[in-house]
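S.K.: What follows is the residue order along each chain.
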Amino acid sequence: MNVVDVNELTKKFGKFVALDRINLCIKEGEIYGFIGPNGAGKSTTIRVLLGMLRPTSGEAKIFGKDVWKNAVDIHKQIAYVPGDANLWPNLTGGEVIDIFLKMRGSGSQSKRNELIERFKLDPSKKCKEYSKGNRQKIALISAFASDAQMFILDEPTSGLDPLMERIFQECVLEAKEQGKSVLLSSHILSEVEKLCEKISIIREGKIIETGTLTQMRHLTRTNLTVQTKKPIESLALKGVFNLVKQNNDLTFQVDSEEIDGVIRYISDYGILKLESVPPTLEDLFMRHYEGVDGNSTGGESQ
Amino acid sequence: MNGRHFKGTTQVTKIIFRAQRIKICAWILGIVLVTLAVAYSYPNVYQDDVSKKGFAITMQNPAMVAMLGPGYDEADYFVTVGTQFAHEMLLFTIIAVAVMSILLVGSSTRTDEETGRIEVVRSLPVGRLSYLAASLIVVAIANFLITLFCSIGLYLLNIDGITLQSALLYGGILGVGGLFFGIITALFAQVSPTSRGTTGLSFGVLVVAYLVRAFGDVTSETIAFASPLGWLVRTDVFINNNWWPILLTTLFSVIISFFAFYLNSIRDIDAGFLPSMKGKTHASKFLMTVFGLAFRLQKVKMLSWGVGIFALSASFGAVLGDLETYFSEMEFLQLFFNEQSKVSMTDNFISLLMAIMSLIVAIPVTMTILKLKSEETHNRTENFFSRVISRNHVLSSYTLLAVLESIYLQFLLAIGLWVASSVSLQVAMKSSFIYLPALWLMISLSVMLYGAVPKIMNLIWIYVAFCFIVIYLSEMLNFPLWLRNVSAFESIPNLPAAGMSWSAIIVEFILTIAFSLIGFVSYNRRDLKG
Ligand SMILES: Nc1ncnc2c1ncn2[C@@H]1O[C@H](COP(=O)(O)OP(=O)(O)O)[C@@H](O)[C@H]1O
Ligand SMILES: [Mg+2]
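So the protein lines, in turn, are chains A and B. Heads up, the first sequence is in my numbering, so the first residue is 9 and it goes up one at a time. Heads up, the second sequence is in my numbering, so the first residue is 7 and it goes up one at a time.
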C-alpha cells in the first residue's frame with residue numbers, strides 16, 4: 009500500500025512556480041530520501057503534505073486521504089520535525105515534549121524518557137536557553153516518542169553534532185523496523201544515502217530523478233586521491249574527470265560504474281595511498297546535466 | 007467554517023496562556039491597580055463646589071476634549087465623583103488595554119507563525135483555525151479579567167454614586183474596547199505577512215481611531231461615531247449608563263473576527279494578502295556600516311512613528327486656537343482667573359502636551375536600544391564581532407541612532423504644533439527640545455541595563471509606565487516629591503508655562519553620562535550570547 013501518493017502536484021506563489029507537476033510515492037515501511045539544494049522546493053512539498061499550503065493543482069494523499077481536507081485525521085498518524093524548531097522561549101524543553109505528546113494523544117512516557125537519555129537533553133532548561141541543536145533534539149524526541157505511522161523529517165539534522173546524528177539514524181532505522189514510513193529531506197547526499205533505499209532528487213521545483221540508489225549509480229561519481237610509486241603521466245580513461253596533479257598526489261573523479269577499471273589501471277603503478285570521498289549532491293547534479301546535455305568529456309591532466 | 011477546524015483549541019489555548027502568562031499578569035496588575043488607586047483617591051481631589059466647577063470648565067475646554075473625550079454636562083460633575091474619574095481616566099485606560107491586546111494578539115499570531123511555532127503545532131492533529139481561536143480566547147480572558155477586577159474593585163471602593171451596574175459598565179468598556187483592538191490585530195495578522203506589519207497596522211488603526219474621535223469630539227459628533235473610541239466614550243457611565251456602545255463594539259468585534267477566521271482558513275501558512283516588500287539585492291556602502299544597518303532595520307519604524315507624532319501634535323495644535331476663544335468667552339473664568347493666568351491656560355496645555363508627547367517619543371527611542379538585545383539573542387551581533395568591529399563601535403552606533411531619533415521626533419513634535427496653531431516656532435521648539443535631556447537619560451538607562459543586566463532589560467518598560475503615571479496621575483495619587491522626581495520627565499522645566507531652570511537639566515546630563523559609562527564598561531566585560 010502507498011502511504012504517500014503525490015500526483016502531478018503544482019504549487020505557485022503568485023507567478024513563481026515553486027513546485028512543477030511533481031510525483032512522489034512512498035510505500036509502507038520505506039525510508040524515502042528527498043534531496044535537493046536550498047530553495048529547490050523540499051519544504052514546500054512537505055508543507056503541502058502537512059495541509060498547510062493549498063496545492064495549486066494536482067493531488068496529494070497520505071493514507072489515501074486528501075492532505076488539505078483531512079489534515080486533522082492524517083496528523084494523528086504523523087510526526088513532523090522541521091529543520092529549525094523554534095519553540096516558546098519561556099517553556100522548558102520537557103514541558104514542550106509533554107505538550108506535544110499529549111496533543112498527539114499517543115506515545116509513551118517511558119519512550120520519552122529513554123529518548124531524552126539517548127539524545128542527552130536536559131529537559132529542565134527553558135527553550136530560549138537551548139542551542140539550535142538542542143532545540144532540534146526536542147522536536148526529534150517528541151516525534152520519535154509518539155507512535156506515529158509516518159515520519160516527515162525536513163532537514164532534521166541541521167545543528168546536530170555527528171554523535172547525535174548517529175543516534176538520529178538509529179531512531180530512523182528502529183522506526184523502519186517497526187514498519188513505519190519515513191520521508192527524509194536533506195541537501196546532503198551522504199546523509200540520505202546511509203538511510204534511504206529510495207530517493208527523489210528535486211531541483212528548481214522539478215523532480216529530476218527518482219529511484220533506488222543502485223539505480224542511480226550511473227549518476228554518482230567518487231572523488232579519489234591517489235599516490236603511486238611510479239608517477240602516472242596521463243589518465244585518459246573513460247569516466248575520469250577533473251584531474252588535478254598536486255605534488256605527488258593525483259586527485260580526480262570517477263564515474264561509479266568505471267571505478268573497477270580505473271583502479272586496475274592505477275594499481276599497475278603501485279599504490280602508496282588511496283583516499284576516496286563519497287560524491288556530493290553537486291557532483292550528482294553535474295553528472296545529471298552532463299547527461300542531459302550529452303557533452304561529457306574525458307579526463308585530461310590540467 | 008467547520009467544527010473540525012477548531013479541534014485542539016483548548017490545548018493550544020493552554021500553551022499560549024503559559025507562554026504569555028507573565029506579560030498578561032503584568033498588564034492586568036498594572037491596569038487594575040492604577041484604575042483602583044486613582045478611583046480611591048478621587049473623592050478627596052475636588053471637594054468644594056468652586057473647585058468642581060473649575061474642573062468642569064477645564065475638562066470641557068476643546069483641548070481637553072480632544073485629548074480625553076467629550077465628558078459630561080457640567081451639572082453631572084457635581085452628581086458624583088465617578089464622572090470626574092471617568093472623564094480623566096476612561097479614554098487613556100481603554101488605550102492602555104488596547105495596547106495590551108494588540109501586543110498579546112500580535113505575538114501569539116503572526117510572530118508565532120514567523121518563528122515557525124504555528125507550523126509545529128499545526129503538524130499535530132489540531133484544526134486549521136485552532137491557533138487563531140486560542141490566541142483570541144487568551145486575549146478575551148485577559149480583557150475579561152480586567153473587566154472583572156476593575157468592576158468589582160470600583161464597586162467595593164464604595165464611592166458615592168458608583169453603583170454595581172455603573173461599575174460593571176466602566177469595566178465592560180475597558181474589556182470590550184481592548185478585545186476589539188485585539189480582534190483588529192487578529193485580522194491584520196491574516197492580511198500582513200510580517201509580525202511588524204501586523205502590530206504596526208494595528209497601532210495605526212488605534213492612532214487613527216483616537217484622532218478621528220478627537221476631531222469629532224471637538225467638531226461634530228457624527229464624525230466621532232466613525233471611531234470605536236468615539237462610541238466607547240459616549241456611555242455616560244455613572245450617570246445614564248448607556249450600554250449601546252458595548253453592544254455596538256461587540257457586534258463589530260464578532261463580525262471582524264469571523265472575517266479573520268475566514269481569511270485564516272483560506273490562506274497558506276506564512277502567506278498574507280498584502281505583498282511583502284522586495285528588498286534590494288545589493289547593500290549600499292552606508293548599509294555596510296554598523297550604523298547604516300541599524301538605521302536600515304529601524305527605518306520603517308522611525309517613519310511611522312514620525313507620522314504618528316506629527317499627526318497627534320498637529321491635531322492638538324489645531325484645537326489650541328479654540329482653547330483661547332473658549333476661555334475668553336467664559337465669564338466664570340474671568341472671575342476665577344486673572345487676565346495673566348488666562349494666557350497661561352494655553353501655555354499650561356502646551357506644557358502638558360509636550361510632557362506627554364515626549365514620553366510617547368521615549369517608546370520608539372527605547373525600542374532602538376532594545377533592538378540591539380534582540381539582535382544579540384538572535385545571534386546576529388556575532389556577524390559584527392567575528393569581523394574587526396569593536397563592541398564600543400556597535401553599542402555607540404545604536405546609541406547614536408537613538409539620540410538622533412529622539413531629536414528627529416521632538417523636531418516633528420514641535421513642527422506639528424507650530425503648523426497647526428498660532429504658537430511661534432521658537433516656543434514650539436523650546437518646549438519640545440527641553441525634553442531631550444530626559445529622553446537621553448532614558449537612552450542611557452537602557453544602555454546601562456543592556457550593558458550590565460540584559461536579562462532584565464524589559465523592566466525599562468515599567469519605568470516608562472511609571473513616568474506616564476507620574477505625569478498623568480501624581481497629583482491625584484498624592485505622590486511625594488522624591489517619588490515624582492524619579493521620573494526623568496518630571497523635573498524638566500515646563501516650558502512655556504514655567505520659566506527655564508538649568509539645575510535639573512544639568513543633573514540629568516551628569517546621570518546620563520554616568521549611566522552610559524556603566525553601560526559601555528559592563529558591555530565590554532560581559533559575555534555575549536551571540
Ligand atoms: N510563502 C512563499 N512565498 C513565496 N515564495 C516562497 C514561499 N515559500 C517558499 N517560497 C519559494 O519557493 C522556493 C522553494 O522553497 P523551499 O521549499 O523552502 O526550498 P527548500 O528545498 O530549501 O526547502 C524558494 O525559491 C522559496 O523562495
Ligand atoms: Mg527547506
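Any given hint could turn out to be false.
To be verified - DSS-like, lysine-lysine: derived pairs with alpha carbons at most 25 Å apart:
no.: 1; chain 1: A; residue 1: 140; chain 2: B; residue 2: 461
no.: 2; chain 1: B; residue 1: 20; chain 2: A; residue 2: 20
no.: 3; chain 1: B; residue 1: 13; chain 2: A; residue 2: 136
no.: 4; chain 1: B; residue 1: 379; chain 2: A; residue 2: 136
no.: 5; chain 1: B; residue 1: 13; chain 2: A; residue 2: 110
no.: 6; chain 1: A; residue 1: 133; chain 2: B; residue 2: 59
no.: 7; chain 1: A; residue 1: 140; chain 2: B; residue 2: 379
no.: 8; chain 1: A; residue 1: 84; chain 2: B; residue 2: 461
no.: 9; chain 1: B; residue 1: 377; chain 2: A; residue 2: 134
no.: 10; chain 1: A; residue 1: 140; chain 2: B; residue 2: 377
no.: 11; chain 1: B; residue 1: 305; chain 2: A; residue 2: 134
no.: 12; chain 1: A; residue 1: 136; chain 2: B; residue 2: 29
no.: 13; chain 1: B; residue 1: 461; chain 2: A; residue 2: 134
no.: 14; chain 1: B; residue 1: 535; chain 2: A; residue 2: 136
no.: 15; chain 1: B; residue 1: 535; chain 2: A; residue 2: 69
no.: 16; chain 1: A; residue 1: 110; chain 2: B; residue 2: 20
no.: 17; chain 1: B; residue 1: 379; chain 2: A; residue 2: 128
no.: 18; chain 1: A; residue 1: 140; chain 2: B; residue 2: 535
no.: 19; chain 1: B; residue 1: 13; chain 2: A; residue 2: 73
no.: 20; chain 1: A; residue 1: 133; chain 2: B; residue 2: 20
no.: 21; chain 1: B; residue 1: 13; chain 2: A; residue 2: 133
no.: 22; chain 1: B; residue 1: 13; chain 2: A; residue 2: 77
no.: 23; chain 1: A; residue 1: 136; chain 2: B; residue 2: 377
no.: 24; chain 1: B; residue 1: 58; chain 2: A; residue 2: 134
Stated by the list, open to error - Covered, in the sense of this in silico footprint (three residues per stretch, anywhere, with C-beta under 8 Å from a C-beta of chain A), are these stretches of chain B:
no.: 25; region: 119-129
no.: 26; region: 132-140
no.: 27; region: 298-308
What the hints assert, rightly or not - Covered, in the sense of this in silico footprint (three residues per stretch, anywhere, with C-beta under 8 Å from a C-beta of chain B), are these stretches of chain A:
no.: 28; region: 77-83
no.: 29; region: 95-104
no.: 30; region: 241-254
no.: 31; region: 273-279
FYI, nobody ran anything at the bench for these hints, they're computed from the structure. Everything numeric in this text was worked out from a predicted model, so none of it was measured. Glycine residues also receive a C-beta, built at the ideal position from the N, C-alpha and C atoms.
S.K.: Can you tell me if the region 241-254 of chain A counts as covered by chain B, using C-beta to C-beta distances under 8 Å and a minimum of three residues?
M.R.: With 0 residues in contact (Cβ-Cβ under 8 Å with chain B), the coverage given for the region 241-254 of chain A is violated.
S.K.: Are the Cα positions of residue 377 of chain B and residue 134 of chain A separated by 25 Å at most?
M.R.: holds, 22 Å
S.K.: Check the hint pairing residue 13 of chain B with residue 77 of chain A against an upper bound of 25 Å on the C-alpha distance.
M.R.: Distance ~14 Å between residue 13 of chain B and residue 77 of chain A Cα, so the pair holds.
S.K.: Straight-line Cα separation of residue 13 of chain B and residue 110 of chain A no greater than 25 Å?
M.R.: Status holds; Cα separation ~14 Å.
S.K.: Holds or violated: residue 535 of chain B with residue 136 of chain A, Cα cutoff 25 Å?
M.R.: holds, 11 Å
S.K.: If you count the residues of the region 132-140 of chain B with a beta-carbon closer than 8 Å to a beta-carbon of chain A, do you get 3 or more?
M.R.: Check passed, 3 qualifying residues.
S.K.: Is residue 133 of chain A within 25 Å of residue 20 of chain B, Cα to Cα?
M.R.: holds, 20 Å
S.K.: How does the region 95-104 of chain A fare against chain B when you require at least three residues with a CB closer than 8 Å, holds or violated?
M.R.: That given contact holds, which follows from 6 residues of the region 95-104 of chain A lying within Cβ reach (below 8 Å) of chain B.
S.K.: Would the pair residue 140 of chain A and residue 379 of chain B pass a check requiring their Cα atoms to be no farther apart than 25 Å?
M.R.: holds, 18 Å
S.K.: Taken at face value, is the distance from the CA of residue 128 of chain A to the CA of residue 379 of chain B at most 25 Å?
M.R.: Violated, because 30 Å separates the two Cα atoms, which is more than 25 Å.
S.K.: Hinted pair, alpha-carbon criterion (25 Å max): residue 13 of chain B, residue 136 of chain A. Please report holds or violated.
M.R.: Violated, at roughly 28 Å.
S.K.: Taking 8 Å as the Cβ threshold, is the statement that the region 273-279 of chain A is covered by chain B upheld or broken by the three-residue rule?
M.R.: Per the Cβ count (0), the hint is violated.
In this structure, the hints that do not hold are numbers 2, 3, 6, 8, 11, 15, 17, 21, 24, 27, 30, 31, in rising order.
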